Amino acid sequence: MSLRTPLGRVLGKGSAGDGVGHWWVQRVTAVALLPLTAWFAISLLGKQLQSYDAMRGWLGQPWIAVLASLLVVTLAWHSKLGVQVVIEDYVHGKGGKTTLLLLSTFIHIAAAAAGLFAILRMALA
Amino acid sequence: MSQPRPLSPHLGVYKFMYTMSLSILHRITGVAAAFGFLALVWWLMALASGPEAYARAMTCLSTPLAKLLLVGFTFAFVFHFCNGIRHLVWDTGRGLERAQARRSAALVIVAALVLTALIVWFGCRAMAVTP
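Sequence order for the protein chains is A and B.
Residues 21 to 145 in my numbering are what the first sequence lists, from first letter to last.
Residues 2 to 132 in my numbering are what the second sequence lists, from first letter to last.
These aren't lab readings, by the way, just hints derived from the structure by calculation.
Where hints are given, some of them may not hold.
[As the list claims (entries may be wrong)] Calculated cross-link-like contacts (lysine to any residue; reagent style SDA-like; alpha-carbon spacing at most 25 angstroms): (1) B:Lys68 <-> A:Ala58; (2) A:Lys67 <-> B:Leu12; (3) A:Lys67 <-> B:Lys16; (4) A:Lys33 <-> A:Ala130; (5) A:Lys67 <-> B:Thr117; (6) A:Lys67 <-> B:Ser24; (7) A:Lys67 <-> B:Ser50; (8) A:Lys67 <-> B:Val72; (9) B:Lys16 <-> B:Arg28; (10) B:Lys68 <-> A:Trp59; (11) A:Lys67 <-> B:Arg28; (12) A:Lys117 <-> A:Gly39; (13) A:Lys114 <-> B:Lys16; (14) B:Lys16 <-> A:Asp109; (15) A:Lys114 <-> B:Ala102; (16) B:Lys68 <-> A:Ala74; (17) B:Lys68 <-> A:Asp109; (18) A:Lys67 <-> B:Met59; (19) B:Lys16 <-> B:Arg95.
Keep in mind that this is a model prediction, so the values were computed, not measured.
This is chain A alone, in the form it adopts within the complex (with noise of 0.2 angstroms):
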C-alpha cells in the first residue's frame, strides 16, 4: 500500500516538493563545467598575464568571448546551487539561514552580471 496521495505521485516532487530540478541542474553545470573550466585555464596559462594588450586582446576576441560568458555564466549557476546545499544544511535558525541564502543569491547573481559586463565591454569595446 502507498502512502503517497495520487496527485503527489503524478507531480513526482517527493517529500521536500521540490523535485530532482536542483540535482539535475547541478550535474548539467558540472558536465558543462569541465570542458569550459579545463579551456580556460590551459588558456591563460600560456599567456602573457602581465600584459593588459595581451589580455585584452584574448578576451576581445568572438569566441573566446562567448566561451568565457558561458564559463561565467555557468560557475555562478552551479556555485549558487552548491553555496545553497550547504547553508542548508549547515545553518540551522530560520532566519540566519534565510537571510545567508538571499545573500548568497544575490551576490551570485551580482557576480554573473559583473562577469558578463566585463566580457562584453571587452569584446564590444
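Model the placement of chain B on the given structure of chain A, informed by the hints.
Using the frame of chain A, we list chain B on its own:
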C-alpha cells in the same frame, strides 16, 4: 507529529574512513571555489576597466597573501574538478564498491596534487614570477 520519526544515525557513530574526508573536502573546496569565482570576476572587471586598473590588480595579486590565496584557490578548484568527475561517475551507478571508491579516492588526491603543482608552475611562468 507527536511520535518521533526515525532519523538516520549521526555522522559520529560511523568508524572514520579516509574516503569520508574526501566527501567533506568536496564541500569545503566547493565553497572555497565560490570565493575563487568572485576573485575571477574582480580580475575581469579590472581588465575591462583599463590599463591602470589592471596594473593595480596585478600588483595586488603579487603580494605574498594573494599568492597564498591563489595557490589555495587552485588546489580547491582542481580537487573539486577531479572529485566532481568521481561524483559524476557514481551518478551513473558505477564505481560504488568499497574497493573501487577507495582506489578512486587515492587517484583523485594524487591527480589533484599533481595538477595543482603543474598549474602553480606554469602560472608562475605566465605571471613572470620565479617559482
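Status of each hint after checking the structure:
1. Among the hinted pairs, Lys68 (chain B) with Ala58 (chain A) is consistent with the structure: their alpha-carbon atoms are about 21 angstroms apart, no more than 25 angstroms.
2. At roughly 46 angstroms between alpha-carbon atoms, Lys67 (chain A) and Leu12 (chain B) are farther apart than 25 angstroms, so this suggested pair is violated.
3. Distance hint between Lys67 (chain A) and Lys16 (chain B) is unfulfilled; the C-alpha atoms sit about 47 angstroms from each other, more than 25 angstroms.
4. In summary, the hint linking Lys33 (chain A) to Ala130 (chain A) is not supported, as the alpha carbons are separated by about 30 angstroms, beyond the 25 angstroms threshold.
5. This hinted pair checks out: Lys67 (chain A) and Thr117 (chain B) have alpha carbons roughly 18 angstroms apart, not beyond 25 angstroms.
6. Annotation: proposed proximity of Lys67 (chain A) to Ser24 (chain B) is violated, straight-line Cα distance about 34 angstroms (limit 25 angstroms).
7. For the given pair, Lys67 (chain A) sits about 19 angstroms from Ser50 (chain B) by alpha-carbon distance, which is consistent with the 25 angstroms threshold.
8. Restraint check for Lys67 (chain A) and Val72 (chain B): the C-alpha separation of about 18 angstroms stays at or below 25 angstroms, so the hint holds.
9. Annotation: proposed proximity of Lys16 (chain B) to Arg28 (chain B) holds, straight-line Cα distance about 20 angstroms (limit 25 angstroms).
10. As the CA atoms of Lys68 (chain B) and Trp59 (chain A) are separated by approximately 22 angstroms, the hinted pair is consistent with the 25 angstroms bound.
11. For the given pair, Lys67 (chain A) sits about 31 angstroms from Arg28 (chain B) by alpha-carbon distance, which is inconsistent with the 25 angstroms threshold.
12. Distance hint between Lys117 (chain A) and Gly39 (chain A) is fulfilled; the C-alpha atoms sit about 21 angstroms from each other, no more than 25 angstroms.
13. With a CA separation close to 32 angstroms, the supplied pair Lys114 (chain A) and Lys16 (chain B) exceeds the 25 angstroms bound.
14. This hinted pair checks out: Lys16 (chain B) and Asp109 (chain A) have alpha carbons roughly 22 angstroms apart, not beyond 25 angstroms.
15. Proposed proximity of Lys114 (chain A) and Ala102 (chain B) is contradicted: the alpha carbons are some 36 angstroms apart, above 25 angstroms.
16. The straight-line distance between the Cα atoms of Lys68 (chain B) and Ala74 (chain A) is roughly 22 angstroms, inside the 25 angstroms bound, and the hint therefore holds.
17. Proximity of Lys68 (chain B) to Asp109 (chain A) is assessed by CA-CA distance (about 31 angstroms); at most 25 angstroms being required, the pair is judged violated.
18. Only pairs whose Cα atoms come within 25 angstroms are accepted, and Lys67 (chain A) paired with Met59 (chain B) is accepted, the gap being roughly 14 angstroms.
19. Distance hint between Lys16 (chain B) and Arg95 (chain B) is fulfilled; the C-alpha atoms sit about 24 angstroms from each other, no more than 25 angstroms.
Of the numbered hints stated above, those contradicted by the structure are hints 2, 3, 4, 6, 11, 13, 15, 17, listed in ascending order.
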